[in-house]
Each structure stands twice: as C-alpha cells, then as structure tokens.
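Please take these sequences and the hints and turn them into a complete structure.
Number of protein chains: 2
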Amino acid sequence: MKIISDIQEMQLFVRQAKEKGMSIGLVPTMGSLHEGHLTLMRQAKKSCDVVVTSIFVNPTQFGPTEDFAKYPRDLSGDSEQAAKAGVDVIFHPQPEEMYPAGYSSFIEINGITQKLCGLSRPGHFRGVATVVTKLFNIVQPDKAFFGQKDAQQVLVLKRMVTDLNMNVTLEVVPIVREKDGLAMSSRNAFLSPEERKAALVLSQSLQLAQKLVNQGQVDAQNIKEQVILKIKQEKLAQIDYVEVYSYPQLENLDVIGDKALLALAVRIGNTRLIDNTILEG
Amino acid sequence: MKIISDIQEMQLFVRQAKEKGMSIGLVPTMGSLHEGHLTLMRQAKKSCDVVVTSIFVNPTQFGPTEDFAKYPRDLSGDSEQAAKAGVDVIFHPQPEEMYPAGYSSFIEINGITQKLCGLSRPGHFRGVATVVTKLFNIVQPDKAFFGQKDAQQVLVLKRMVTDLNMNVTLEVVPIVREKDGLAMSSRNAFLSPEERKAALVLSQSLQLAQKLVNQGQVDAQNIKEQVILKIKQEKLAQIDYVEVYSYPQLENLDVIGDKALLALAVRIGNTRLIDNTILEG
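Sequence order for the protein chains is A and B.
Letter 164 of the first sequence, counting from 1, is numbered 162 in this note's numbering, and no numbers are missing.
Letter 178 of the second sequence, counting from 1, is numbered 176 in this note's numbering, and no numbers are missing.
Hints are computed from structural coordinates only; laboratory data are not their basis.
The structure presented is a predicted model; accordingly, all values stated were derived computationally and were not measured.
Warning: the hint list may mix true and false statements.
Where chains are identical, the list cannot tell them apart; a pair therefore holds if satisfied intra-copy or between any two copies.
To be verified - Dumping the calculated SDA-like pairs for lysine to any residue here, alpha-carbon to alpha-carbon at most 20 Å: (1) Lys141 / Asn163; (2) Lys156 / Gln6; (3) Lys228 / Val240; (4) Lys16 / Asn135; (5) Lys156 / Asp217; (6) Lys16 / Ser45; (7) Lys141 / Arg13; (8) Lys16 / Val166; (9) Lys222 / Leu73.
See below:
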C-alpha cells in the first residue's frame, strides 16, 4: 500500500492507473478509521481495481468553535487498518496544499443544506462539497463510497454530482453499529465510559421510533415527540435536533407513509453525535 | 459537424473520443459567433483532435434586469461559421436540461469577483463558474479556450481551475478587434449606426492610456482620470466602471510598473460593452 501526500504525485498515479484501464474507487475519510470506514473500503475493493482512501481532516467543514484541532488523528494506525481492508493508496494531503494562500473557490448547495446539520453547522456542507469536489478532481474515481450514517451528506453530494454533471457514481453503505447499537463514529473515542453508556440513547430512540411505526403510529410529530422524550430521560444527553422528513426529498411531512428519515444530533457531554434511520410506515 | 443537444449524447461522444485516445478542445460560447469566437475555435483546432464548441445562453450568469431574453441567438448562422472554423461538435443544450427543477448547486469564487464586472453584475461570475464547471464535466476537455476580452472571467476561471484541481488547461486568446479598434462582441449587434461610432471611445481611450504610459506617465489614478475624461467626451457613452489594477492579482496600485489591467465597462445607449488592455510601464 502506498501513502501519497503530494497532489501531483496522486494525479500521476491516477493517470497511470487509468492508462492501464483500471477502475478507481475512492473512500473519502477524515481518518481515525473504524469499522464503518473499513466496510466502505472492502465494498470499494469488490467493484474497483484500485482503491484510494483519502485521510484528510478538512478544515473548511469545521466551524470556528468546533473540534477541528482535537479531531482524532492516527495515520499509522489508520494505515495498518486500511492495508488490511484492501486499500491500495492512502491519499493524505496537507491542508496548506489543499488550501494554499489565496484559495477562494467553494461549492454551495442550496435548499437541502438549510436543515439538520446544515442548520446547526453553518458552512459545514459548503466545506464538505468543496473538499469532495477537489478529491474527485484529483483522484477521478469511477465510484466513491459514503456511509449512510451521514444521511444528509449523502443527499447533498448526490445533489451536487447530479447538478454539476460529475462523472462519478456514489455508492452508499448502511450504518455500521457497535454490538450494543451505537453507530460507529471517530468521535466515539471522545466519550468517557459513563458517556459511552449514555450515548446508547441515540440508537435506542431510533429503535423506539421504528417500533412505534411498526405498531401503526404514523403521525410524524408524535413520533418526534416520543423520541425527544426518550432522549431527555438520559441526563448526559442534550438534543441539538430531532427531525422527521420525507426521504430522500427532506421535506416536512405529517404522516409517515412510504419512507421518512428520522435524524438526530445529540450532545453527550461535549461530544456531538449523529444517528439516523429510515422509517417505513 | 455534429450538433448535439442532449447531455447524455454529448457524454457518450466524449467517452468514445477518449477511448480512441483523442484530445478534446472546448470553446464555450453563448453563440452569435463573431471573429473572436472563430479565432478561439481555430486555435483549438491547432492543438486538439476534436473541437467542441458549446452554444448556450446561460441564464444563471444574467441578472434579473439584464439582456438574457434579447441576447442574440442564431444557431443556423453559428453552425455554418463554426463548421468553417474546424469545429467538430456544437453542444447546444436546453436550459431545462442544464438547470432542471430542483437545481441547487453553484460555484462561488470569492475575492477576485468582488470588483469590476463582479461588482456591477452581482452573481454573474457565480453563473459563469457554475456553467463552465458543468461544461467541463460534460465535455471533459484537455484544453478550454477563452478570450482575453473577458479579462476578469479568465482570472476567475483560472482561480477556479487551480483551487478545485480541475483537469483542464485554460488557453487564453488575445482580444480580436474590428479594423477601427472596436472589440468584437455579440452585443455589438445591438448598436445603431450612430452608437457603433460612439462605441469607438472604448478602444480609443485604452489607446490613449497606453500612449500616456509610453510617454512615462505611470500614476494609475491619473491614467484612470484621463480615460474617464476621454470617455465623457462621447455624449452617447455612460461609464459603468473604469479601473486600473495590478495584473493578474487585480489589486489596487498607485504606480503602473510591471503589468496593470486597465478595464472598462461603458454603456452606449442601452448596450453595455466591456474592453480592456494590459498596460506595461
């Protein structure tokens, strides 16, 4: 497995692979890899000749008060895991090369970014769309792999790829969970043992919602209120948002019919966690 | 010469050309072709196996009070001229296919767009950057050809290509002028015979400035004032802006040293014309 940090070297590698007729799969990550990422990589390996994973903690998708500086970084641990998952190249660019002095170009996606994490984290999806566009242009993947854990991110990137006629197929992989239900996240590493237990309230509240829907409760507002009640029972939890939207349109809805996204962001102590599920009525 | 209006058909053509190892040159235009465009096409033909010219009056780069609706359109005349200039494919997409319902993705370039035409035409360069990105993704050119007439556009697009790591080389072709000095523009067709004469004040004021610089006048403010005085002598002319900036940085400057961009936008009757020159001290 190669580790490439230079953009031009990455471009040269891609050009040579393409000349040999090889297909390229890209798994964009911010590193601190967990089973969720590794699932994306193994999935990429199944359908692409070459798998590139980018490891880049992207400054433009963090707000000024967010955890950019303390976001976990572990390149050597990541390299070992990525190699085992079948990755051929880790692309690990430096922030100064991705955003040199004078940098001034950004991708803005309207509409769908004005809710959920887009509302709690202004500029977040602008940063995500921009770095993903840069990675797509550098790595030129045939397919790019993202986790459904970031449900809104997936919808924003699909919108971008369609709108801007980008030559890449997005592959979305289901949420990977710990045995007890907690969605895998690099930020789980921040949780104290007590907080780790409290964090179960996210997945448990999603399970409750699905159970209620299975029992025939289809009033979206009522489901949302029950989820909020459930989370409020956990004293270490503080709700950022709990929302139910039509899926994949992300529009307001009264009744859970065909498919609805139940998405939540909850602070456990100082750590903001997200989780979601697709409810089917 | 082929005329393709369907995006997928254009993508198929490109894929087949690339499989044959052919290089692609793109000349993006809004049609109503003149000698400036044709020069770009002939230039493209010299260094690319396949020349694609897009003819698309792009709604997103026009402001609500601008001349989108009345912008001249003449596909059959354009086709004849493009074929003679060596164009292989005219790509002529429909606005509804480029911007379908729900379209929401835009490219924003900061800084350099906050002056000159970017200031007079808010959102103009957002529209330009967005449509050019779409065209680049659809046509995947090795080289794309633009005229120095739109000096700021060239700088904005260079910034975008560099920032977003786009896989295309921008080729810039000097301004093509009528014999009497008027810069070629599709909008010249709007001028009455009297206005056509008055429009000479643009190129004449640029010539005056270069003459003053050649004579040793290097005070940027003074040059600017003399250009303004010259234009004001023409009663049909109304100045939108006259600016002198360092080139290519587009920063304020006091003394014309190495290279400076003298750029102007002037209304002749109802028609807004632009012109520019690089002054060298």
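Tested hints:
Taking the closest pair of Cα atoms, lysine 141 and asparagine 163 come within 20 Å of each other both inside a single copy (14 Å) and across two copies (18 Å). In this assembly of identical chains, lysine 156 and glutamine 6 lie within 20 Å of each other by CA distance solely across copies; the values are 18 Å between and 27 Å within a copy. With identical chains, the CA atoms of lysine 228 and valine 240 are at most 20 Å apart within one copy only, with a shortest distance of 11 Å there and 64 Å across copies. Proximity of lysine 16 and asparagine 135 under a CA criterion of 20 Å is satisfied in both settings, with 14 Å inside one chain copy and 17 Å between copies.
Taking the shortest Cα distances, lysine 156 and aspartate 217 never come within 20 Å of each other, neither inside one copy (28 Å) nor across copies (52 Å). In the homo-oligomer, the alpha carbons of lysine 16 and serine 45 lie at most 20 Å apart inside one protomer (15 Å), although the nearest pairing across protomers, at 22 Å, exceeds that limit. Proximity of lysine 141 to arginine 13 under the C-alpha cut-off of 20 Å is found in both arrangements, the shortest distances being 16 Å within a copy and 17 Å between copies. Taking CA atoms no more than 20 Å apart as the test, lysine 16 paired with valine 166 passes in both settings, with 14 Å inside one copy and 16 Å between copies.
Within a single copy, lysine 222 and leucine 73 get their C-alpha atoms no closer than 39 Å, and across copies no closer than 55 Å, so neither meets the 20 Å cut-off.
Hints 5 and 9, counting from the list given before, are not met by this structure.
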